[in-house]
Structures are given as C-alpha cells and as structure tokens.
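A.B. asks: Here are the chains, one letter per residue:
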Amino acid sequence: MSENVTEREVMEYDVIIVGAGPAGLACAIRLKQLKEDLMVAVIEKSAEVGAHILSGAVIEPGPLDELLPGWQDSPPPVCIPVKHDELAFLTATKRRKLPTPPQQKNHGNFIVSLGALCGWLAPKAEDLGVDIFPGYAAAGIHFLADGAVGGVIIGDMGVDREGQPKDTYMQGIEIHAPTTVLAEGCRGHLSKQLINKFKLDENSDPQAYGIGIKELWQVGPGKCQPGLVHHSIGWPLDTHTYGGSFIYHMDKDRVAVGFVCALDYSDPEFSPFEAFQQFKHHPSVKPLFEGGEILSGGARTIIEGGAQSLPKVEMPGALLIGDAAGLLNLPKIKGTHQAIRSGMLAASHLADKGTGEGFDGTLRASPIMKELHKVRNIRPGFNKGLWRGLITAGIETVTAGKLPRTLHNHADHSALKKLQDMKTVDRKWVKRELAPRDRLASVYFAATDHDEDQLVHLQILEPDVCISRCGEEYGHPCTRFCPAQVYEMVEDTDTSAGQRLQINAANCVHCKTCDIKDPYQIINWVTPEGGSGPNYQNL
Amino acid sequence: MSKTLIIAEHDGKDLNPSTAKCANCAAAISQPYDIVVLGSTISEVAKQAATIEGVETVIAIDAEHLAKPLAVNHAAEVVALADGYSHILGPSTTYGRDLMPRIAALLGVNQVSDISTVVGPHHFKRPIYAGNAIVDVQSPEGVKVVATVRVASWKALANTGSASLEERTADSPALTHTRYLDLQSGGGERPDLQTASRVVSGGRAMASEENFELIYSLADMISAGAGASRAAVDAGYCPNDMQVGQTGKIIAPDLYMAFGISGAIQHITGIKDAGTIVAINKDAEAPIFEVADIGLAADLFDVIPEMKQLLG
Amino acid sequence: MKILVGIKRVVDYNVRIRVRPDGSGVDTDGVKMSINPFDEIALEQALRIREAGNAEEVIVVSLGGTECQQQLRTGLAMGADRAIQVDTEENLQPLTIARALLKVVEKEQVGLVILGKQAIDGDNSQTGQMLAALWDRPQATFASGLELSGDSATVTREVDAGLEKIEVDLPAVITVDLRLNEPRFVKLPDIMKAKRKPLEVIPLTDLGVASENDLLASQYAPPPVREKGIMVEDTAQLVAELKTRGLV
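Residue numbers (my numbering), protein chains in the order written: chain A, 1 to 539; chain B, 1001 to 1312; chain C, 2001 to 2248.
Worth flagging that the hints you see were computed from the coordinates, not collected in a lab.
It is possible that some hints are incorrect.
[What the hints assert, rightly or not] On the chain C side, residues computed to face chain A include the following (Cβ under 8 Å): (1) G2030; (2) F2185; (3) P2189; (4) K2193.
[What the hints assert, rightly or not] Just the calculated beta-carbon pair ranges, DEER-fashion: (5) B:Q1309 x C:M2231: 19 to 29 Å; (6) B:D1302 x A:R437: 36 to 46 Å; (7) B:D1171 x C:S2211: 22 to 32 Å.
Nothing here was measured: the structure is a model prediction, and the numbers come from that model.
Think of the CB as a built atom: it goes at the ideal place given N, C-alpha and C, for glycine as much as any other residue.
Same shape as in the complex, but just chain A (with noise of 0.2 Å):
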C-alpha cells in the first residue's frame, strides 16, 4: 500500500463485500432480497466477474434453489445434469471401477463452470441494485480507531516496478462500512491478514489446502458424453500424497478435466502441474483427449480443512464466508453449495441484528457446519496415507461421523521433508504427448494479464533464505509447485550466490499456492493492480 500524505476519496455503504464469488454474491442478492433499501457493494479484483474462479464443478442446486427459485426456467449458460457417476482406483497401467461413495453420487445435480455461474449470478444482483465494481482490488482495511474493522481501501493503479507514479496514477479509494464481508475465496489475503490479526484461529486447526489445476478441452467428435462425471484415486499420486482428479463431460464436445493435490505433499520434489500432465497420459484417459484442444486453463488453491481448522468467522466490524472462512465439503468435493448458503445466512443475519456481531455462533449452529462435522475426519484419514485414509473414509462415511473423536489437521508447510530426508519415489511418470508441453504453454490457455510495470505481487519477506539456505535444503520447491512458473532460479554472475530468484510476476494465476506451501513461509501473495491476473473463460 503507498504512504501517500493525501486523504482519500471515501465512498460509503452498508455492507462493503469482498469478491464476486458465489458467497459473495449470494450475500448480495439475499441482502437486497431483505431490505431492498440496503446499500451493497461487491469489489471484485478482476476485470470481470468470473474471470478469475476456476472450479470443476459439480454443484447441488439446493441453495441455488432457495435463493433464485426457478433458476432452471433460464440457468447460467453451462449447465449439464449429471447422467453417470463413477469412481476410480488407477494404477500405472489400469483403472479399476470403486464404489461410488455417498458424498460423491451425484444424482440430482449440475456439471457447470463456476465461472460462468457467477457471471450469470452477477447481472442478477445489479438487477436488484447491488453495486458490483469489477477490476478494482481491495488492498489493504481500513481500520477504525478503536482497531476494528471500518472498510476497505480500494489499491492503487498506475504505480511503476518501483512503487513510483506513473502518468496514469489514480489513487485508490476507501469504502467504509459497517459491515465487510469478506468473500475472497480461498486463502483471501485480506482474510489471511485479518485471522492473524484478530487471532480468529487460535482455537482451530491449522488450516488445510490444496492445489486444483484445471483445463477445458474441446474433444474430437462422439467422446463426449455430456453428464459424465468421473473421479479417480491413486496414480499418478503416490500412496502418501492426497489427491485425485476429475473429468466432467459437458456439452458441445467439451469436457472439463483437473487435478487437486493436497498441500501437505512431504516432497519438495514434486510438481503438482506434472501430475495433472500425467494423469491425462493414464490409457484409460489419454484417448479422449488426443486430436482435441484446450480452450481455457488455470489453477487454484482449494480449502480443505473443514470443520476443525474453521477459523472464528466474525470480527468487530467484518465476516468471513465461502472458502475465505473455508466450509468447502471436501469428501464431496463441493464447495458452492456451501459458498452459497453461507452468504444466504450472513445476509439474513445482518438483515436481521444489523450487524455481523454473533454470526459465527449461527454458522457453527446452522447445516453448514453439520455437513463439514459429518466428514471432519474423512481428510485428517488421509494424513497416514492412502490406504488408512480409505479405510478411516469407509468408517466414518457408515457412522455418518458421529463417532466421538476427531482428527486433526496439520500444516502444509510444515509437511514437507527436506532434500535429505527424502527418499526418491518411482512415480512410473511417463513421457508426455498432449498439449500444454510445459507450464509456460499452459498458462497462455489461462490468458492472465498484468502489466509489467506494476510492483511485483509476491512479496518475499526474507529473500536471504532463498540462496543461503532454501536450495540445499528443500531444492527451491517453489519452482516446482506454482503452476505458472512464477518462480525460477537463474543464473546470475553478479551475486555472490551465482543465482537469484526471479520472479515472473505476469505469469501468475492468483492460486495461492506459493503462500500456502512455502516451507519458510515468508512469500506473502498481494493483490496487484485492479483487472490484472487470469482470464478465465468457462473455468
């Protein structure tokens, strides 16, 4: 944030929500829905709404339902019912069909790109006179004078690599309200500020991640089945790494495919974007996506923690929903529904006291929370490997969780195993054919866009730590787990070291990754300039 001496322009609201998501919307809409005399506004820092949330995803229309009844009568434009469901167990050669498990049937439920969902979910809000600013970011709180929270300050624009103005400076402006909801998604920075300020964790777990990389492929003619949902365990991930992927057939011959690993990988070697790449060369995979091409591509972190590492999601001043407080289903892999009804129940929550103060109590009191209690130890299961963590699922998915005990979650940072404590794995990784040949290649697919003469968005705190201790210890993980390649080590005669970090700021997908996984913890993600970052197109 510039210290500049000039007050800024103030723009006032009732509620001031952060991120166009679907919580943030959902609060929204319901909020007008209410008290229709209520003055909202949602910032959203990319150039458009939808253009930066990427999710698989299969939602459940229920909230979707409760909040816009009748939505099917004219639904977002992808919108696929689900037909077949199946799970699947892979090795290196074969795949083997598993049961489909409770939390993943799926009938009754939609294939839709989150995206497209929320660009669909927008004009519906503005309909109902919600103020919706795309393109602009909220950088830093504004705090009151009595240290809780009073809005937001909206970044900067026009600033050079040196933090100078350039002829296009336009200072960013404060937007204060009673309330700020804060609907970043996951691993909001704001949020991440605001959790450690108002210590909102310090009764929780720690809070659990992982990595979703996605692509929207448009695939040769007949393969496509649309309402085709698959899963699938087991390889390319090794036995200790949680993870798996998903194919959902859409229509008009496109097909949405991914891959989520959790963050607690113990090696500092692995490259989550090749195991994605990987999966997709399994031969029960590869030949549908051979003779077709990517339309669209990008990543993003996903929440997993549930219900233990649930932060207290109220604050003087301001509220966490969505994943920005982090209620996504993991067992399901389901995170809208929850994102939706969320931001239905603080709406009605500020509608009814007028402040957001008692609103963790009646989330913590609601169904949301009884779906995250339910599967709680479904994913600490996980955390002695696969087969426990089968095993753990099974037990808890027929005692419906109400077995007294709950597992806990651990850091992902704090998992990985440095250099020489770790024993090399034989992936069985194959030679690659399909498309994007590399991480550079695949970024173009997510059509990000930042202007090169901003200041670089990833702050890193101590970067002493990256040539004196980070590559004998951990190998510069970095370079390998941003799905953008952000982060290389170059060759550099003019430092003692030989090398330096070299941050390719314009790559970035605003994952969260690096924030999340950084051994040391000391890269700290911003927002940059309002508008900048991924162009998500159906993602």
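Starting from the structure of chain A, add chains B and C where the hints point.
C.D. replies: The following block gives chains B and C in isolation, referenced to the frame of chain A:
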C-alpha cells in the same frame, strides 16, 4: 470494363516494393491492370512502374499539390479516374490504408481491407482478429471493388514488363484544408522493430547485456531491427521496447532470426505472421523448431560469429 | 467545440480467438467484451482536449444493440459528458457506420471527431477515413501526436517511413494510434456518476441510413498452420539457404 487500377506508392524517387505486390494481386484477379502514379516530378517512378510484369498502362499524373502523399488530394484524383475501372487496389501500407477508404466512400462502395488471397474477381480472403481468423469475403457483382492488398501475403512481380506511359494533368484542384508539414525518418540507424523487414532477436541464452552486442552487430550487418524475448528483457539484458511477443510487439518481418529463444507460445504469437522464421538454439527439442522454417541446433555463440564472417 | 468519439464493443484483447468448428464465425460465446482499445485512446485524447479548455463537450457514440450501453457507460465513467447509442441489431460495415456517424455529426454540429484507427475484431481501418470523405473534411489517421491551435490541428502520424506531421483545419476526423496516450483509469465514484449522465438511444432507421451493397462474409477459418521447416547442419548451410531464398 473489367479492369484494375493500382495506386502506386513511392517517395518521389523510387517506387515502393508494395506496388509490384499489388500488381501480383491484380494478376490473380485475372483481368488487365494499369498503375497510376500520383505526385510531382515522377517520370522516373513512372518508368519503374512500367517495368512491372503484366502492366498495361502507367498513368502519371504530375501536379505540385500531389507531391506529398496527402489522402485528400490523391483520393480526389483517383476518383476522377475511377470510371474506367472495375477494381481499384492500393497497398496495405500506411499510405494505402489512409487513402483507399476515402476513395471507397467517395465512390459509395464498401472496401475490402488486407486481401491475402484472391479466389475470384469478387471473392477474397483476408485476416481478421489480428490474423487469428481468416474470412472469405464476397463483394456484390456489378459493384466496384476498392481494396487494400496485404503486402506480407504477396510476392512482388518481376521487372520484365514494358507498359505504355501516359501523362495526364491533374483533374482535381488542390484542397487547402490539409497541409503537409514534414517527415521525420525513424530515429536511429537501426530500422524500427515494428516495421523492419528483417529482425534479429536474442533470448535468455544470450546470458548478458554485453552479449547482446552480438545481436546488434549482426542486425546492423543485414540492416535488420533488433528484438528480444520476454525472458531476455526480464533478465535485464535489453530494454523492454525490444520485446517481441504477446505482451510486447507483434511483428511480421520477411525474415525473423531467433537466437537462443526457446519459442514459448507467448513469443510465437508475436511472430506467427513472419515470412521466414529462422531459429538457432542449442536445444534440438526447443519448441521454436516446430514453427521455424529453417532451424539450426547449434550454439549461438558459435553461429553468430560464423554468420558475420560469411556475410561480411 | 463538441468532440464526438466513436466507441466499439469488441471481444476483449485478452480473449483467445477461436473459429467455430463449422466455420460459421468466431466463437464469441460467453467471452468478455470491452471497449476497442484504440477507442479508449481516442476518448482519453478528447477528454484531455476538453480539460485543456479547448472543447466544452465530449460525446461518445456507439452503434449496436443494448449491450453496447455497457461500453458507453464506461466511456461516461471515464469522463465523457453524454452518450448516444445508435440502435441496431445488424452487423454494420464501415461505410454504413460512417454514413450514420455523419448524421450524428451534422445533428450535433461537432467540431472534431476522434476515432480509433481500427477495431481489433474487423481490423478494417476504414471508418474514420470514410466519414471524413462523406463529410468533405480533412482526415488525419494513425495519430501519435496532436496539438490544437485555434481552428486547426497539427497531427503527428505514425507512417511506415517514420513520423509525418500534417496540419488540418477543423472540423476534421482524427484516427488514433497506440502511442498517442495512455488512457486513464476510471475512479469508482465516477462509475456511479456515469449512471446519471444522459444516454440517448436513436434507432438507426431514424437516421435514414441503411446498409447497401454489403460485403458478404461467407466462411471463417483458422490461420493456415505453418508448415514444418527444414533443419540445417551448420552455419554455412544456413547462410546458403538464406541467400537462396533472397533473404540476405
């Protein structure tokens, strides 16, 4: 009167190569074609135009007010000639792009911009969306065709012709509301990267700012512009106005030589319309070899000095 | 003096362009639409002229359906005073657009028209020149510099040979190139103010203008794939090949 008129481009002394390219396009339309040269003291230029293969007549219209390439004056003159022709072509250079639409509007017809292929006298192909799509365009029968010819798509016709020369006086008066002041040639000795017909580029493998001297000296030797990949710019080896690629300049030189550039899609986007792409890279697997017309898997630090010796 | 600025709603420059597999057009399904980048530069210049005290009003105009009001509102948020939407569902060609713009120019008694040099979808680069012709006024295209003085303007144009300077008497049409200026960011409060600025809708038919002898776009295709080239063994072969092809 199925006949084509080509508007010549020149600088007062020499005919611009774009004229012979327009002639090639006219030849593809398969009907007789003339060239009109507008300007002042243009007899030399007119003679050059008369040598272009297949031209029937070169019409030279010499008048003081036509000396400078002002669209307002040139358009009026062409319109006065237009009756005898079914097709009027100009080059897709800044001169032609400035001029031809004015002619089209004065004649009351739509214009086809940037013809890249001729399918028939009223059927053309042209690029749209910065060359990401090619569209077939058909103009109505019986209506005059006014078009610009995409110079990068056509080879110049040879100088084997002998057209007849016709001198005419200007038909239209000098318009006074537009006045030519001056022309500043592209600053610096090296051709501007955006418009150079040859470009030599360096990538990350150049390894230092000093090493870029190799690129500059080779470029100067063949009168080329100098470019760089984003990786080279990011590494600080050269200024960012040399960046070629999706977020830098998108160029279409006749010759593009890439030294030590891997060929990421983002870079290829910037050069996909180049005439001939030449790639030199130590890594035989580098993606650039998939789009290069001529590839050499060798060390640029050997190749550049060798090239300079052979070309010097 | 009133300045008229043309604004076109186009596919955003970041969108990966794809041709529909059946060749019927470019896939614009759910893609982001924005103001043509050159038009933003044109508007920025008009605003600077007004801010320098050389014009009293900047009017933005767009031809299209109701959707283009989105871009007009952005233009108003940037600082334009008024907006006009010439309403039509037709995909108009430059000559028809020029004819329609002329009607607006005459109605509004405009002193200067500033347009982008081309739209990034059609890449025609025709409308400005055509309007100038129909209006019987000067044109100054590909402007990278502009100075007004009284009733005339000195325009620096980016041409192949370098930078050309011409002087034109107003009223005139100027089309702008990339390096003329860097458009301003829109301040949030101005987005709100823009909602209250006048936006007039005029049906194209009311202007008495209709398409005539339109060019027909029949088939769309992706660009030809570059054929795989040859590999040479050494520098000598490379230079020989270049010489044979007449490239050096």
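A.B. asks: For the hint on C:G2030, just tell me whether its beta-carbon gets within less than 8 Å of chain A.
C.D. replies: Where the cut-off is 8 Å and the nearest Cβ of chain A is about 5 Å from C:G2030, the hint holds.
A.B. asks: Have a go at the C:F2185 hint: is there a Cβ in chain A nearer than 8 Å to its own Cβ?
C.D. replies: holds, 4 Å
A.B. asks: CB of B:D1171 to CB of C:S2211, is that within 22 to 32 Å?
C.D. replies: With Cβ atoms ~31 Å apart, the hint holds.
A.B. asks: Does the beta carbon distance between B:Q1309 and C:M2231 stay inside 19 to 29 Å, or does it fall outside?
C.D. replies: Since B:Q1309 and C:M2231 have Cβ atoms about 22 Å apart, the given range 19 to 29 Å holds.
A.B. asks: CB of B:D1302 to CB of A:R437, is that within 36 to 46 Å?
C.D. replies: Violated - the Cβ-Cβ distance for B:D1302 and A:R437, about 27 Å, lies outside 36 to 46 Å.
A.B. asks: Regarding the hint that C:P2189 lies at the interface with chain A, is the smallest CB-CB distance below 8 Å?
C.D. replies: holds, 6 Å
A.B. asks: With 8 Å as the cut and Cβ atoms as the points, is C:K2193 at the interface with chain A?
C.D. replies: Result: violated, 11 Å to nearest chain A Cβ.
When held up to the earlier numbered hints, the structure conflicts with 4 and 6 and fits the remainder.
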